[in-house]
Amino acid sequence: MRSFAYDKAGDAPSAVAAGGQYLAGGTTLVDLMKLDVMQPAHVVDINGLDKQYGEIEAGKDALRLGALVRMAEAAEHPAILRDYPVIAQSLRQAASPQIRNMASLGGNVLQRTRCTYFRDPSWKACNKRAPGSGCAAMDGVNRRHAVLGVSDQCIATYPGDFAVALAALDAQVEILGTSGKHRLPFGELHRLPGTTPHIETSLSAGDLITGFTVPAAPWLRRSLYLKIRDREAYDFALASAAVALDLDKDRRVRAARIGLGGVATVPWRAQEAEKALTGKIIDETAAQSAADAAFADATTREGNGFKTELGKRTLVRALLQAAAMEV
Amino acid sequence: MADDTSIIGKARPRIDGPAKVTGAARYPSDEPAPGAVWAFLVTSAIARGKVKSFDLDEAKAVPGVLDILTHWNVGGDAKPPAPTSKGKPTTTLESDRIWHDGQIIAVVVAETYEAAREAANRVHVDYDEEKPSATFGSPGAQEEKREPGDHEDPKIGDPEKAFGAAPVKIDQRYETPTQHHNPMELFTTTCFWQGDKLTIYEPSQFVYGLKNNVAKQLGIDPAKVTVVSRFTGGAFGSKGGTTARTAWIAVAARRLKRPVKLVATRDQGFTIATYRAETRHRLRLGADANGRLTALIHEGWELTSRPSQYNVSGTESTARIYACPNVETAVNLVHADRNTPGFMRAPPDTPYMFPLESAMDELAYALKMDPVELRRLNDAPKDPINGLPWSSRSLMKCYDAAAERFGWKQRNPVPGAMRDGDWKIGWGCATAAYPSNIAPCGATVRLDGDKASIGLAGQDLGTGAYTVIAMTAAQALKLPVENVSVELGHTDLPAASLAAGSSHTASICHAVAAACDKVNAKRAQGETGVIEETAANVPNGLPDSAMDKINHGQMAISRGFGRKDCTAYAFGAHFIEVRVHGRTGEIRTPRMVSAFASGTIINPLTAYSQYMGGMIWGISAALFEKTEIDLRAARYTNDNLADYLIPVNADAPEIDVLLVPEEDNAVNPMGIKGIGEIGIVGVNAAVANAVFHATGRRIRRLPIRIEDMV
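Protein chains in written order, with the numbering used here: chain A, 31 to 357; chain B, 5 to 714.
Any given hint could be a false lead.
Unchecked claim - Example chain A residues on the side facing chain B (calculated, C-beta under 10 Å, incomplete):
| id | residue |
| --- | --- |
| 1 | 41 |
| 2 | 126 |
| 3 | 128 |
| 4 | 260 |
| 5 | 263 |
| 6 | 269 |
| 7 | 285 |
What the hints assert, rightly or not - Keeping only pairs whose Cα atoms sit at most 25 Å apart, straight-line, the calculated DSS-like set for lysine-lysine is:
| id | chain 1 | residue 1 | chain 2 | residue 2 |
| --- | --- | --- | --- | --- |
| 8 | A | 154 | B | 54 |
| 9 | B | 201 | A | 154 |
| 10 | B | 14 | B | 482 |
| 11 | B | 64 | A | 154 |
| 12 | B | 413 | A | 64 |
| 13 | B | 201 | B | 228 |
| 14 | B | 413 | B | 401 |
| 15 | B | 135 | A | 154 |
Since the hints were derived computationally from the structure, they do not count as laboratory data.
Cβ coordinates follow ideal geometry from the N, Cα and C atoms, glycine included.
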């Protein structure tokens, strides 16, 4: 860790004006500062803004989540458990209880990759950490790396779960910036690595995520998050699927919403798979076609070749399970 | 054995429990060192080459930095620690040479931990890089046969001929991965000097070893070195040998004339201490049509560093588990640009029993026999290699007890036949065995009225040593356990050997009993007042001079398979259920039952915990643990506890431990066989065997992962 200036933000506009690195739960930032991966000169603690950005409002038209709501609070919220099961499950299956108690929702969607080459500056080559330096993971240990949304510059996996649910559900991100408030579709928050893997989001300097809105929708009750991992708890996804289905009375798909985690460089929306399901009764064949569509563009490396098949199987399992839900 | 008046054999909570849970227990980095300054290690980012130069300007400019040690300024101030095996050690600050990834190349000392760490990040190193070899099969890795000497290569009969003629054969290759101990307590060292006297606070399994080694490294009289390690927060072998960091912290403290404290980071622990090396095996079993073994040929390959010949040679055990008239074993070393491996829980048997116990299961399937019955048929009435009797052997009693508890009778042996919804169920079993070792040890007993205090330089690694010593003394002196206090882990106390190899309880309890006998003799002569006696116990078969070796920090041990009178092993049997998801392939282990017979159990409560910990670690070794190596750079990549996976509670929901009573009058006077290692031995194979039963897939490379299932 390097020396840095520390300020507590008294109000949101002055936090934004300060132009520093925001600190909320600190579960990613402090880690990466200790590892010398992040070296912010100025840290602005926004935890004092929780009166303003710490509320959960489960309204008729939408669920609104303040950015400073802790993961644990949202995971245990009765209305979210009842009406937004995919969100509650994505949060409950993330990290450990201790981390969920600390981590904020705003910080969680910005959690940085677990690529071991990114997290250890003694590796020189990391385009994300040191633009233009190369990618040590490409031909290195890459079992946990992404197969979707990759580029020849970066294959680092987006590690979170909650963001995968938000990506599936047409959520909006609320942002306070130097020029005021604006909203962004969640799918536009994260950027594919392309030739600039160091630029991970579309946020501008000073932009502060203040909350998320998830519109009420008919597919929310029939939704779930399936996370496949090496161990039973406290582990990042090898593959995950956020699935929400609206079925008609013949059990045909009116609308499907699908997010994929653990397999992609950003929280992944599988729109091809959603399209493939529209009008279908979800059975083994339909689910498999959707999974094939979702992974049609998968690109694998030596260590992560299994992820395409595992990702497909995860999605098939999630779809069949969601279709069978009693709602 | 326990009777109504006995203290030994009755479950008792740890006497040091309250101190531990209230924070009163002092681990070495908790020892007060007024005025201490902080060290932070700089480690190499390459695995092979030389340090061309350091640029220290930026680091020295960090406020609070006091000193930076490199080979430039302290290279001649210490020698490398003596190796625990043949060959030579790797070096650190002695020269510009880099032997492995993460080698210590500089030590930054500053007024605060934060300043030292920041400055370490600002040390710029220019390397002369050479292309490293990472592991087996890497270009430049050098293979050699391990010659007999420290380890023997058992051979009886004509194994090649018998194998050739066997009607049923198994001939397979197996692999186990690199693993790291990761004890909860990090690798710490605090050093300070008072005149020419050095005090070291460092978690250790062998304070006399550390004392003598560091004295030799620094060229000073061992009598001037004190080592203190009252509590050790897990070790598992990693704190057994002396490693490079200690002497440099002593040198730093001498240069600054202030105490210097080091708490190495978790990732540094992967390269500044030791690890379990990856192994490969070829195992051949021949059997007659009834299942009786006719040939066993086991060849192992172990990875080590360039200069060291460290190896564990578990063939000394695998050769003698089952009755077989034709046995041959061999071990080979492969040198690569890696740090030197070391002991890790059940060092030889964890990797070497995996191929044997997997192959036994494969043989059972080839013969269409129940795997338990195959073991029963080949149960060895005596040591098959040297013909000596066992001190005691309760292998099949363990199998029968655990099989019954597990419900093994209900097993449908056809792979894939047992299901629960989407989950395929597999049941597997395997043998556990570990030689019963014992080392020389001294102890002091001081009796003051109805209070006794015991002192010896043994270690409690979290195992319960404090408690078994108090129980042993209380029984011998006929006092309540509450009246006995125990002091451990200090080189001012009588020497004890390395707390390792399942030898410690046997070693320390015999010494305590011997000292109590002397006290009782004095009491019997009518002596009153304070009675203080010191005694040493040298196990049968070792010369009296063996105690001198321990006093000088060297090893002396009576091994269970090297004795003249009998062969002494503890035995056990594991049964485990795995569930493999039929679609997504996650492997889960909902329940496990193991039974062990290890002679006298001093404290069944801590024994239960020891066994359970070993069993869970076995699941971990089978399904989770693997240190990943970047093959191009010969560097570890998952050097943290988020990426180096170990089980969480949800991965080990039901662990059932059975303690099978066993009286052993031959192993040693108290009948203690030792229990620290055996819990883990063979679990990896039991899991692999269960995975085969669930899925029909025989996985011979650990860990078994989801990609093996989809």
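Hint check:
| no. | hint | result |
| --- | --- | --- |
| 1 | 41 | 30 Å, violated |
| 2 | 126 | 8 Å, holds |
| 3 | 128 | 12 Å, violated |
| 4 | 260 | 6 Å, holds |
| 5 | 263 | 5 Å, holds |
| 6 | 269 | 8 Å, holds |
| 7 | 285 | 25 Å, violated |
| 8 | 154/A with 54/B | 18 Å, holds |
| 9 | 201/B with 154/A | 43 Å, violated |
| 10 | 14/B with 482/B | 15 Å, holds |
| 11 | 64/B with 154/A | 23 Å, holds |
| 12 | 413/B with 64/A | 54 Å, violated |
| 13 | 201/B with 228/B | 5 Å, holds |
| 14 | 413/B with 401/B | 16 Å, holds |
| 15 | 135/B with 154/A | 16 Å, holds |
In terms of the numbered hints stated before, the structure departs from hints 1, 3, 7, 9 and 12, listed from lowest to highest.
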